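**Q** Just need the whole structure built from these sequences, with the hints factored in.
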Amino acid sequence: MKTFIASSPHVARVNRVDSIMLQVLLALVPGILAMIWFFGWGLLINILLAVTFAVAAECTVILARGRSPLPAIADLSAVVTAVLFAISVPPILPWWMTLLGMLFAIVLVKQLYGGMGYNPFNPAMAAYVFLLVSYPVAMTNWLTPTMLTEHHLSFTESLRIILDGSLPQGLSWDAVTSATPLDEMRGKLDRNLTMGEIRQSPLWGAFGGRGWEWVAAWFLLGGIYLLWKRIITWHIPVSLLSSLLVCATLFWAIEPQTHPFPAFHLFSGAAILGAFFIATDPVTACTTTRGQIIFGASIGALVYVIRTWGGYPDAIAFSVLLLNIAAPMIDHYTQPRVFGHGGKRG
Amino acid sequence: MAVAHSLIANRRLWTFHGGIHIPDEKSLSNGAPIAPIALPSRLVVPLQQHIGAPARVIVAVGERVLKGQMIAEPTGLVSAPVHAPSSGTLVAIESHPIPHPSGLMAPCAIIETDGEDAWAELPPPMTDYPQLDPELIRERIRWAGVVGMGGASFPTSVKLSPGTDRHIHTLIINGAECEPYISCDDRLMRERSGHIFEGVRIMHHLLGVKQVLIGIEDNKPEAIEEMRLALAETDMHTYTEIVPIPTLYPSGGEKQLIRILTGKEVPTKGIPAQVGIVCQNVGTAAAVADAVLEGRPLVSRVVTVTGRAIANPRNLEVPIGTPASDLIAHCGGYRETPRKLVCGGPMMGFALRDADTPITKATNCVLALTPEESPAPGPALACIRCGRCAQACPANLLPQQMYWHARAKDLDRVQDYNLFDCIECGCCAQVCPSHIPLVQYYRYAKTEIWSREQEKRKSEQARARHAAKQARLERQEQERQAKLRKQKEALAAKAKAQAKPETAAKQQASAASPTETANDS
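Top to bottom, those sequences are chains A and B.
Using the working numbering, read the first sequence as starting at 1 and increasing by one per residue.
Using the working numbering, read the second sequence as starting at 1001 and increasing by one per residue.
Warning: the hint list may mix true and false statements.
Rough simulated footprint, nothing fancy, chain A against chain B, three-plus residues with beta-carbon under 8 Å [claimed, not checked]:
1. 1340–1351
2. 1365–1378
3. 1393–1399
4. 1430–1444
Sample of chain B residues with no beta-carbon within 10 Å of chain A, all distances over it, derived [claimed, not checked]:
5. 1033
6. 1036
7. 1038
8. 1053
9. 1062
10. 1125
11. 1238
12. 1247
13. 1390
14. 1468
15. 1474
Facing chain B, from chain A, some residues (calculated, C-beta under 10 Å) [unchecked claim]:
16. 253
17. 256
18. 292
It should be emphasised that the hints constitute simulated quantities derived from the structure, not laboratory data.
Since this is a predicted model, take the numbers as computed values, not measurements.
For glycine and all other residues, C-beta sits at the position ideal for the given N, C-alpha and C.
**A** Here is the structure:
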């Protein structure tokens, strides 16, 4: 009888990378459906294009490295990158920009650093920032939420805009696009309007930008699902959102007419998505518990700083990338106290 | 009983970092009582079944041995003797595979049994031990070859002699049995609780401790109840407490159990005695009772034979040296072909190459796992730094960092991350979503560090030897030179001495004839 010799443990392992990635994708579904509802089919087309490009890019690079591409594709990490990218960019982004973004994310940011597990930067956010600084107009050309516009782009109309940039007959860009709530807020605050005046605009809903607030709420639901399934721990999302909330509340309490109300910061941009789905990317985040709290809180504070005084209306991508650089150092200085090693408990 | 219950309800328990919940699978084997096994015709008794110096054989090949007769004596303070597990003839001392992770061969005494199972003359019972010199009791326990039966197999008499400079206040009896599948301690507590308490009483007497805490995981309610009932019947309940602890692997690890029950942490590289605690397994307590009260050496133990590949999993009382294959046969053989045969539990045990491997004093379980129970983990993926390993680590280490440096063979860095605080419990590997065999990397790194240290010691010895040789050669050379110089000087002196009379004569002559001298100059 031949039995198998291997090191302990000898029973079935409980976790799998692909099932973790699948849970992340599942948790994104409510938020994605809400985005499709508010911003049309373009979002779905972008997701499909991004996933196709990302998987193709991953296959090509891994084949070039002389390895079998199947395990790398099967771990679904490229799909997660593609989906996170596609829901971060405007739903009518030209297809070739998506292609460029995915090539940048998968080839440069991920595979050239050694592939899965070795990339120091979050690939989706690196690609987002790369496109934002290269094509600022296209990257801020957001659609108007469906309840604020007369014309609803059909699937084929969205597809045509993405593929060749042509609008349906009789429509101007102004009829379908508008600034994001964060953009709007920045612009109007810069023109010295007060919060009271700004909130007159129909763009505002109950606690954030109209439409946007519900997208954020559905992503929050997905994030809670991830916490419940123990795919992520509370440390990064809670510290990120708390620090953003503390900053926002502080300045709003001091001067409510020139600083947006705290809920606006949480529910208008990518704060919720970033806190639960982007900053929690294990490869590029901190791994120690205390490190994760510092990591999350720093992102939250940076988001507030950049949104308020920086050059861009939203800041999740920049903040996450900046903290990605700092993660190894934070980890180094926040090592837990090992059992039996005296001193304070870490 | 009511008093005991209220005490238990009041006792504060502490926690340790991490740990994991895994299906305990104990119901496979814990239903049936401990059964004896048919005496095998051949026993393979390893000469080293303990931590410390190997035992030295004191019986000649070909001699008849009786059950309980010492066949190998301890050779140092930290050492243990080996006794014949049954009567028969010692036919050989030869290398045989022993239960060891490396599949190592080691010297074993091969005994062909005669079926009589005749006992040797045993030392008298020490029923009056409270009146005896504690040294005599320790000597008896040492003579009986009792070692830690929870798996570490450290000589028990050494653990029971903490020295006068250490104040031991608490004796912890480990009945946690946190490894899945294993149920030998569970059955022992259910069936031989009185015996366990006798052993506990002896150890309490030897250590002079204030309190005894018996920690049992709460997935063994029958054992807890039986132990409570047995305790109530003794006069030990004034200082002894049965403490059910939450089921969480690895609560039965010595350092973890001490932390749970007392809140104390055994310092790194330290032993429990440093925090005033001695920890013994329930099986060890029973073996101590055997040795002291009945004069019986440790020649058999309870072993769990389990896994879904075994037809009738259960616990067996097995003579040391019985091949694992006999145990499996006694349990109805295989129900299906196992994928893995493991000695010990699924988390920390090691795979056996050979079912002929003998049972030793430390073997608590023979585990035959089906392909469904022990599926191939598949190729390891890259570490995604998810930190699940760090969350699970009971030592609060950063396993992914240690893996990173172990893989890079950066042995200094891996020690910076406290590699040697790793207890190899397997929690990290169990939760790793990339299926990286983390424990294997740590074992590799530890072994590599040990072998490098050994190399270093060896090369230092060699350097010292070389330096000594050089010094010796130099000294010899100097001595030779000195000798030569002396000889030369002696010769020169001799020559001078011979020359002197001549000069003296000349001088005399010159004094006699100055002109001649003037001519000379």
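**Q** Against each hint, give a clear statement of whether it holds in the structure.
**A** Outcome of the hint check:
no.	hint	in the structure
1	1340–1351	holds (count 9)
2	1365–1378	holds (count 7)
3	1393–1399	holds (count 5)
4	1430–1444	holds (count 10)
5	1033	holds (26 Å)
6	1036	holds (26 Å)
7	1038	holds (22 Å)
8	1053	holds (27 Å)
9	1062	holds (34 Å)
10	1125	holds (41 Å)
11	1238	holds (32 Å)
12	1247	holds (16 Å)
13	1390	violated (6 Å)
14	1468	holds (40 Å)
15	1474	holds (48 Å)
16	253	violated (36 Å)
17	256	violated (40 Å)
18	292	holds (8 Å)
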